[in-house]
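Enquirer: Read off the chains here:
Number of protein chains: 2
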Amino acid sequence: MKAVCLLSGGLDSATCLAHARRAGFDCYALSFDYGQRHRIELEAARRVAAALGAADHRIAKIDLRVFGHSALTDEIDVPKGRDEAAMNSGIPITYVPARNTIFLSFALAWAEVLEANDIYIGVNALDYSGYPDCRPEFIQAFEQLGNLATKSAVEGRTRIRIRAPLIELSKAEIVLLGLELNVPFELTHSCYDPDASGRPCGACDSCVLRAKGFREAGIADPACA
Amino acid sequence: MKAVCLLSGGLDSATCLAHARRAGFDCYALSFDYGQRHRIELEAARRVAAALGAADHRIAKIDLRVFGHSALTDEIDVPKGRDEAAMNSGIPITYVPARNTIFLSFALAWAEVLEANDIYIGVNALDYSGYPDCRPEFIQAFEQLGNLATKSAVEGRTRIRIRAPLIELSKAEIVLLGLELNVPFELTHSCYDPDASGRPCGACDSCVLRAKGFREAGIADPACA
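Each protein sequence line maps, in turn, to chains U and P. The first sequence stops at residue 1668 when you use this note's numbering, and every number in between is there. The second sequence stops at residue 1668 when you use this note's numbering, and every number in between is there.
Some hints could be false.
Identical copies go unnamed one by one, so any copy, or any two together, can satisfy a pair.
In silico lysine to aspartate or glutamate, EDC-like type, Cα no more than 20 angstroms apart, as pairs [claimed, not checked]:
#: 1; residue 1: Lys1594; residue 2: Glu1580
#: 2; residue 1: Lys1523; residue 2: Asp1636
#: 3; residue 1: Lys1504; residue 2: Asp1476
#: 4; residue 1: Lys1523; residue 2: Glu1616
#: 5; residue 1: Lys1655; residue 2: Glu1616
#: 6; residue 1: Lys1594; residue 2: Asp1499
#: 7; residue 1: Lys1594; residue 2: Glu1486
#: 8; residue 1: Lys1655; residue 2: Asp1506
#: 9; residue 1: Lys1594; residue 2: Asp1638
#: 10; residue 1: Lys1655; residue 2: Asp1476
#: 11; residue 1: Lys1445; residue 2: Glu1598
#: 12; residue 1: Lys1655; residue 2: Glu1623
#: 13; residue 1: Lys1523; residue 2: Glu1629
It should be emphasised that the hints constitute simulated quantities derived from the structure, not laboratory data.
Input sequences plus hints: build the corresponding full structure.
Expert: Here you go:
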């Protein structure tokens, strides 16, 4: 059984990949080089895919900078040192327009080529309440679309399922799940704005959420060792 | 009023763009450099966008060859000299997995940046009965998705509409509509497998359908003059 697994190289997508592996899938990991300022995450994705025994790992090069308008791809500063209240007040500038729609579209293309039914995505509705494309209704709508969009689904050879096993979990619960699944946390990368040597800034939303997750789970983050 | 208009440089998308212009939209034309063997269509798209007065035209570079598996991106031969019965018997090898899903995802991203409600796509369900992502139910599902996927839609600032004005037209009807809208047919390019100088092969499905459309419309194709 094959599954396409979206893999950014962060904590969530690594845990999601480990979840798919435990469910018995041969995992085809898919990452994107989309002009992100934190491209070091692609190195993390390579290491995580290898460590978790992905059957294949591809990096699709797509240029999201053609439209601009996000701190992750533009020369807009990544916000730092925000507390949870600030993070939850509206959609952050680090949101990339339609990013998960684009990522899932590519995953769908690869699923069709592989004749895979299952697509894993590590979205999380709780800690990313500001991102519309991390919500269950978005995931359901994409699943519906996927079953109308491809030759293999229309011909009845596949039945697309978008699996988002982390969608209702808190960051601490994701950490605990990852621990149980032996996710190599030390290989993952979450920071939106690492320094030149790849060290996390410790202050962007992603670093703050990760630190909170490990703290609440009561374990040390090995990536910060 | 802004609209994002998918523009391949072919007859259908050019007519679709002209339709959007007549409806009063400022048109933001979007083409893709996706490793297609008929990249000459991008030159056609540039000329068509200029001739029809698009407000902007961007070409997004995305690599669909990362998954392979289509005669349009692979080194598989493009089928030639097929009659309509052959074309309508199943989905052709020139089908690119999830292509319209991917193209619409990028259009959605740009629509969000522009705060545009409308996305035009020149799909046609009749002459491309073999392509699942040219059917009305696919278009409707994408519209639903679009309204769940973006920050601007969720915040109520936009209401995504996927407009496919050609979807129920025959190729001859598209030619007649294009004529009425003063589409510069001579600038458009439809062939899947042009020679090195860009001349259409005259024998691929796209050339055959185009010739049939002009013949049934009773007018000469100025691109073949």
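Enquirer: Taking 20 angstroms as the upper bound on the Cα-Cα distance, should Lys1523 and Glu1616 be classified as within, between, both, or neither?
Expert: Cα proximity of Lys1523 and Glu1616: none, with 24 angstroms in one copy and 56 angstroms across.
Enquirer: Have a look at Lys1655 and Glu1616 and pick one of within, between, both or neither, based on CA distance no larger than 20 angstroms.
Expert: Result: close within a single copy only, 11 angstroms intra versus 60 angstroms inter.
Enquirer: Is it within a copy, between copies, both, or neither that the alpha carbon of Lys1655 lies no farther than 20 angstroms from that of Asp1476?
Expert: neither (28 angstroms within a copy, 42 angstroms between copies)
Enquirer: Have a look at Lys1445 and Glu1598 and pick one of within, between, both or neither, based on CA distance no larger than 20 angstroms.
Expert: within (18 angstroms within a copy, 37 angstroms between copies)
Enquirer: Can you give me the call for Lys1504 and Asp1476, within, between, both or neither, at a CA distance of at most 20 angstroms?
Expert: Both: 5 angstroms inside a copy, 12 angstroms across copies.
Enquirer: Should Lys1594 paired with Asp1638 be assigned to within, between, both, or neither, using CA atoms and 20 angstroms as the limit?
Expert: neither (44 angstroms within a copy, 29 angstroms between copies)
Enquirer: My question is about Lys1655 and Asp1506: at a cut-off of 20 angstroms on alpha-carbon distance, are they close within one copy, between copies, both, or neither?
Expert: neither (32 angstroms within a copy, 37 angstroms between copies)
Enquirer: When no copy is specified for Lys1523 and Glu1629, does a C-alpha distance of 20 angstroms or less occur within a copy, between copies, both, or neither?
Expert: Neither. Shortest intra-copy (23 angstroms) and inter-copy (54 angstroms) distances fail the 20 angstroms Cα cut-off.
Enquirer: Under a CA distance limit of 20 angstroms, which applies to Lys1655 and Glu1623: within one copy, between copies, both, or neither?
Expert: within (18 angstroms within a copy, 62 angstroms between copies)
Enquirer: Given identical chains, is Lys1594 near Asp1499, meaning Cα to Cα at most 20 angstroms, within a copy, between copies, both, or neither?
Expert: neither (23 angstroms within a copy, 33 angstroms between copies)
Enquirer: Within a copy, between copies, both or neither: where do Lys1594 and Glu1486 come within 20 angstroms Cα-Cα?
Expert: Neither: 33 angstroms inside a chain and 29 angstroms across chains, both beyond 20 angstroms.
Enquirer: Using 20 angstroms as the alpha carbon limit, work out where Lys1594 and Glu1580 are close: within a copy, between copies, both or neither.
Expert: between (24 angstroms within a copy, 14 angstroms between copies)
When each numbered hint is compared with the structure, violations occur for hints 4, 6, 7, 8, 9, 10 and 13.
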